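Number of protein chains: 2
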Amino acid sequence: MLRPGQPLPLFGFFRRLLGQDRAFRQAIATVIGRTPDNVRLYHLAFTHSSVVRQQGDTARHQSNERLEFLGDAVLGAVVAEYLFRKFPYEQEGFLTELRSRIVNRESLNGLALKIGLDKLVQLDPAQGRAARSRSVNGNALEALVGAIYLDQGYKAARKFVLTRLIKPFIDVKSLIETTANFKSKLIEWAQRQGKTIRYDLTGQPRSGGVMEFSATVMLDDEPVATGMGLSKKQAEQLAAERALAALGV
Amino acid sequence: MLRPGQPLPLFGFFRRLLGQDRAFRQAIATVIGRTPDNVRLYHLAFTHSSVVRQQGDTARHQSNERLEFLGDAVLGAVVAEYLFRKFPYEQEGFLTELRSRIVNRESLNGLALKIGLDKLVQLDPAQGRAARSRSVNGNALEALVGAIYLDQGYKAARKFVLTRLIKPFIDVKSLIETTANFKSKLIEWAQRQGKTIRYDLTGQPRSGGVMEFSATVMLDDEPVATGMGLSKKQAEQLAAERALAALGV
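Chains as they are written, first to last, in the UniProt record's numbering: chain A, 1 to 249; chain B, 1 to 249.
I should point out that these hints are in silico values taken from the structure, not numbers from a laboratory.
If chains are identical, the list can't say which one is meant, so a pair holds when it fits in one copy or spans any two.
Below, a list of computed lysine-lysine pairs in the DSS-like style, where the Cα atoms sit at most 27 Å apart:
1) 114 - 86
2) 86 - 155
3) 232 - 86
4) 167 - 86
5) 173 - 183
6) 155 - 167
7) 232 - 195
Since the model is a prediction, treat every value here as computed from it, not as a measurement.
Isolated chain A, as found in the complex:
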């Protein structure tokens, strides 16, 4: 099969692999701002479960889902500290709400695209489009934070989150404004209509020691819309947002 002068195919394979590896290492260094040590971790961070599922369920620990679990936790801690220091006079509920607006799926997907992670994520090409439309990139971003944590430690992961994600791309002020918006918009509308707004709140314990709150917007004592959340504020916020939609405001 081999013509004279043609390199042995195995060598070609390794050369291609090494070249790819060098390019990947370089891409990671550009994204995280430092040279990765254990490159395997970063490969794992960008391996969507759809790629691994082809190889059967036993291989699922070779996808990025476990790293995503870890990275989500590290990201949560870093953002918690950032907000804790930035808002020394705000209460726990405010910090919780604001953090959830920074680390929610939509926000993480946006951040992942901004730092170009979509070019690094490996999907099963067969179901690529369906999978990509959801939260693939945001999950890969969480997994990347987990990989940096394991590879370089907490300080490096913290620095990545603060200097490459939060500070360049998160406009905390406008997040606070939109947080306040739904409830105040609803109240202003009701005042113009000469109606009253009140929230009916209930809380239910959920497994894992979590409380879940449900808030129902009452317009002149008639229920309009209900929102749920892990804090009263979150539940009311969502209820107000839905009430505005239901009322066509």
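The hints should help you fit chain B onto chain A, whose structure is shown.
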């Protein structure tokens, strides 16, 4: 009012304060296994909001609630890493479920008592008993983790969590067993009765980018009990637990 020889009251006040401070510093050192640097942080960690509320709502940032927010996040990250390393072949759902069993209210309250935090927590004496019956000690433990993180850094907080809480007091194996118990107990019971068990699962997106799952236990296609949770496993587990109660098993 002063008799000769009696020390000036102001001196007595300061001396008492300094003595208390030395004792407090010593108590913290015993609990966390190292000398605290910024003692104010630890005072804050043990100040329940009931003490501060007497001073009006503007002082609420002087209670431990904000530190609790931070400590909860740091604790979550440390436990995530611990489980990630301990169970290299388990999937995300398993790790999430197990973590929630380690850091839930009940578990944290128990850990707090084991390391003697109840003796350090400051409550409003007027409503002491009511407040103490709930999650005061567990919250103080989270706040303490937050204080260590700010005072001594992530590594020290991690070491405290691992060497003073998890390793001495958490029996991961038995946690896993009780996790598996409800579902298998229900299935065994159904088999003895010649009936079939199946779970109807639905998922709903919640604000903050979280999915909440609802699982209904179907006994021969009749709904018996429903559980909710932030993972499918958690929802099924709770549903099974409730079904066992409803069926009187």
